[in-house]
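The listed protein sequences correspond, in order, to chains R and E. Under the working numbering, the very last position in the first sequence is 777; numbers go up by exactly one each time. Under the working numbering, the very last position in the second sequence is 134; numbers go up by exactly one each time.
Check the hints yourself; a few may be wrong.
Said to hold, decoys possible - Derived EDC-like pairs: lysine to aspartate or glutamate, alpha-carbon spacing no greater than 16 Å straight-line:
{"hint": "1", "chain 1": "E", "residue 1": "Lys68", "chain 2": "R", "residue 2": "Glu765"}
{"hint": "2", "chain 1": "E", "residue 1": "Lys80", "chain 2": "E", "residue 2": "Glu34"}
{"hint": "3", "chain 1": "E", "residue 1": "Lys88", "chain 2": "E", "residue 2": "Asp114"}
{"hint": "4", "chain 1": "R", "residue 1": "Lys707", "chain 2": "E", "residue 2": "Asp114"}
To be verified - Now the in silico label distances, taken between C-beta atoms and shown as ranges:
{"hint": "5", "chain 1": "E", "residue 1": "Leu75", "chain 2": "R", "residue 2": "Ser721", "range": "42 to 52 Å"}
{"hint": "6", "chain 1": "E", "residue 1": "Ala35", "chain 2": "R", "residue 2": "Arg685", "range": "34 to 44 Å"}
{"hint": "7", "chain 1": "E", "residue 1": "Asp73", "chain 2": "R", "residue 2": "Pro759", "range": "18 to 28 Å"}
To be clear, the hints were calculated from the coordinates, so they are not data collected in a lab. All values reported here derive from a predicted model rather than from experimental measurement. Note that the Cβ used here is the ideal one computed from N, Cα and C, for glycine as well.
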Amino acid sequence: NAGVMQNPRHLVRRRGQEARLRCSPMKGHSHVYWYRQLPEEGLKFMVYLQKENIIDESGMPKERFSAEFPKEGPSILRIQQVVRGDSAAYFCASSPPEGLYEQYFGPGTRLTVT
Amino acid sequence: AQSVSQHNHHVILSEAASLELGCNYSYGGTVNLFWYVQYPGQHLQLLLKYFSGDPLVKGIKGFEAEFIKSKFSFNLRKPSVQWSDTAEYFCAVRDSGAGSYQLTFGKGTKLSVIP
């Protein structure tokens, strides 16, 4: 029973490039959450999605960041025109429809902007 | 906004010592509480959780935590640590009264256990 999968595990981008982070939830899970961890900080909520719907994006920066969770395929967190301050670890979590309160985390994607 | 405080940034213990990691949260309403652990090179794993009922919660690997509502605390304990407990520990809170899905995390406590 595979857990939450994220790829890539490490991503290096130059300033101004785009970063695409992928998250495949656990089998049977239809709820996905994205969190960001800056150095020496705890994880901060970014966005909560269900299939084809953004439920809560209150933690997303207003510009350059977007997320989707299509009917087929993984959830994507997209960062356009990356800046050095975007360097962080990005974690995805998923939960089943009937257990909204327990979130299972993936290994994270470490984004480095040079 | 909610906040979660973990008192210790880095704790160093010898094997067999007892462990207590502090966690305090700011929100006064109904909450769900969690402790997650991240072993070196691995993803976050759920250690234990509190939703309601008995405030003393037992989790995996001999860990337990006690919810003290009057102190807004949810401290993690283990009577005797092992070298394999070396990891980073995160406390997290959710505002269940508002039906929120967001987890608010503390900054984490790194535990190093010396053989």
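Do the hints match the structure? See the list:
Proposed proximity of Lys68/E and Glu765/R is supported: the alpha carbons are some 9 Å apart, at most 16 Å. Only pairs whose Cα atoms come within 16 Å are accepted, and Lys80/E paired with Glu34/E is accepted, the gap being roughly 15 Å. Between Lys88/E and Asp114/E the alpha-carbon distance is near 14 Å, which keeps this suggested pair within the 16 Å criterion. Pair hint Lys707/R plus Asp114/E holds up; C-alpha atoms about 15 Å apart against a cutoff of 16 Å.
Look at Leu75/E against Ser721/R: about 33 Å separates their beta carbons, and that is not inside 42 to 52 Å. Distance hint check for Ala35/E and Arg685/R: the Cβ-Cβ separation is about 43 Å, which falls inside the suggested range of 34 to 44 Å. The hint said 18 to 28 Å for the Cβ distance between Asp73/E and Pro759/R, and at roughly 24 Å that hint holds.
Violation of the numbered hints given earlier is confined to hint 5; every other hint is satisfied by the structure.
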